Amino acid sequence: MQKVTLEIDGLKVSVEEGKSVLDAAKKAGVPIPTLCYHDELEPFGACRFCMVEIIRGNRKRLVASCVYPAEDGLVVRTNTDRVKEIRRMIIELLLPLAPAGPLRELARRYGVKRSRFESEDMQPTHCTLCGMCVRYCSEVVKYDAVSFVGRGVSKAVALTPEAQDQCVFCRKCYTICEAGRFPMLAEEYSV
Amino acid sequence: MRRLASREELEKLREELRGKMEKIERWVAVCSGPGCHVHGSGEVAQAFLKEVEAQGLGDKVKVRATGCHGFCEVGPVAVIFPERYCYTRIRVEDVPRIVSTTLKEGEVVEDLLYVDETTGKKVLRDEDIPYYKFQHRLLLGQHLEIDPEDIGDYIAAGGYSALAKALFDMKPEEIIEEVKAARLRGRGGGGFPAGIKWETTRNAPGDPKYVIVNADEGDPGAYMDRGILEGNPHSVLEGLIIGAIAIGSPQGFVYVRQEYPIAVKNMQRAIDQAREIGLLGENILGSDFSFDVKIHMGAGAFVSGESSALMTAIEGKVGEPRPKYIRTAVKGVWDKPSNLNNVETWANVPLIINNGAKWYTTIGTDNSKGTKIFSLVGKVKNTGLVEVPMGVTLRKIIFDIGGGIRGNKKFKAVQTGGPSGGVIPESLLGIAVDYDELDQVGSMMGSGGMIVMDEDTCMVDVARYYVNFLSDESCGKCVPCREGLRQASRILERICAGKGKEGDIELLEELGSFMRDASLCALGRTAANPVLSTIKYFRGEYEAHILEGKCPAKVCKELISYFIDPARCKACGQCVRVCPVDAISGGKGLVHIIDQDKCVRCGSCFAVCPDKFRAVVKLSGEPVPEVAPGTKIRKKAKGEKKCRK
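Read top to bottom, the protein sequences are chains E and F.
One rule links them: number in our numbering = place in the first sequence (from 1) + 1387.
One rule links them: number in our numbering = place in the second sequence (from 1) + 75.
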């Protein structure tokens, strides 16, 4: 397998071609925070929390590191002002929906005291739609007992009624859920 | 028709078809495009067929129900050839006169001609109508000669000659070079050079390669692609086959939304007919090139027009965009190289191959070549499909072709580029239709929607409309797009309801720039454009809503009041009768008064108050004057009429 060498926050790192920038950063020991990434699952590219700035020649670009392929000669900055601004905005947008879970710690780390989007009529759903439960069931367990329903702002996670007899009760969807939605969901369906 | 085994056989067929046409003395093109269709063109076309038979003209006159001619406003439209006499607003009962006078005798039916509003004169020929005069109808002009249900018409008009040329006279690389030299850019809105995309797909590793028509047109108010697919499906198909030769693809797809049943039907028929005579399938025209096409119907998701989402949908999955750091030209449908172009882009290809890149580049501006079709809608006098050379100014389209604003209102803004585009104010109407110029002012070419807005349009309300549209139509996968739209919608709703806060405008701007930088696909990256461009050009309107509680265009329900002007009310009682909540009081001879506490601001009173009185007025940002119950209406004073004028 061919190797590519890139520079992440000043550190040179070589990885196999086809690996993502996030993979390369892990190897280099540079932490990039993520919300929808999971070691056992295909990268999803949805939370955008892992965005980094890449520099090629004199062109700068913001990309999601979990899905952007590592390229030879790529220069990556994981903690620029714009990157931090984007992460803060993601925290502010998700906090009213999922106030518990990993967001609270991230908010503290990124200096977000309160979200400008909090309001009385925004009820927490305890779900960031990271899709880990859906993807774990589909990719690892190879069933689709959990799925996304709806689209746009109505998108949600639901149990797939017609697939319930396929559920192998691995309960991974409970433990993988960090925002706290899953146990509530299961209760609603009285599983 | 027989299967054509060589180029010569195609030419022979063309000669035969043309020979048959020559026997016909006159023919009528009855527009059956989307606009005329709703005006009843189907019945009109039927009436023509019946009447031509009844008057014994069956062998001398041909009736064609054609695709869209463009001038939807005055439909149903028919053009009679060879004179090109153009009749507008035809009713079924007009048809016998047209047949006996024009089709039989070549005389004009005066009262059905178009009347030029500025000169007051009748216009004989379609090409002399101002609406058409400033256009350059390379694509739409073909519609008049073609019955979209008949491949024979397309072949007689010169169709599939570009395919034969590409197949027998050109190497695939030469086709790509020609398209590159023509500098054809994607008509779906992005404006990416088509030739370069083709080359990328051709050179990308992996087989088979796919070529795809993007006919998932979904921008509110836009129907250009529908017009072409319904009116001239073979032009799209021929372009697609040429692209397949150039790229080396054995399989094509037409991704068309199922809400376009006539487009689906006409395209399917075109594919079947082309296959039947050997223009699709194994060994096209006796060559060693084989290619076939399948229609994939979209299930109603706007986001499926995005390239990676469209390809995911073709694979049979939910149409959600994929993170596209590897382009679909390299890894598309089933991870194979896939070339996607919009309907209009494909329809331009036969023209380029037939006439050459040199000819094509004489039309348009430095960076945008050829023509572009717009669907001109909204508060403009002449609505319809408009095809203009790139470089024409927006002012020319809206005022010379579109005839200006309806009802003596003032122009306010034009929205181009659909939900991903932006609004352009009057001060910028001098800019040209050109990919780069439109980008620079914060809008975009888009696929060609052009919605004209007048002074009665609230720009905050416009932004709210688009944001709410996208909130429903976003796939909801990535946080910036889904949550950004959710919050932008909440803020805009709040501003429209008169509950805006200081800082809301800045927060919208911050959200917009975040969505542009952080979203996964083009839908999210451009979703804030309607908000950002309305703030950029109409910030004062946002501020009036937030700071003064006033909607300057008097649109936002929560910020307006209806008031009956005692000086104008004639106590006719019409408003009292229509008010659904009994909020209006007043009897005979008494000024009618609206109870503001009861009023739900439905606007019914405003709508029914006779034009000659105009007593019901909308107020915003000012207190409603008190009128004492029992006030008598004002009697007309002597000589008042003269003075008021």
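In case anyone wonders, no lab produced these hints; they're calculated from the structure.
Small disclaimer: the values here were computed from a predicted structure and weren't measured.
A portion of the hints provided could be inaccurate.
As the list claims (entries may be wrong) - To give a feel for the contact side, a few chain F residues facing chain E, derived at Cβ under 10 Å:
no., residue
1, R397
2, K433
3, W434
4, T436
Unchecked claim - Below, in silico cross-link-like pairs of lysine-lysine (DSS-like), each with a Cα-Cα straight-line distance of 27 Å or less:
no., chain 1, residue 1, chain 2, residue 2
5, E, K1447, F, K369
6, E, K1542, F, K369
7, F, K411, F, K433
8, F, K611, E, K1471
All C-beta atoms in this analysis are idealised placements derived from N, C-alpha and C, irrespective of residue type, glycine included.
Item to complete: Determine which of the earlier numbered hints do not hold for this structure and return their numbers in increasing order.
Response: Violated hints (numbers, rising): 2, 3, 4, 5, 6, 7; every other hint is consistent with the structure.
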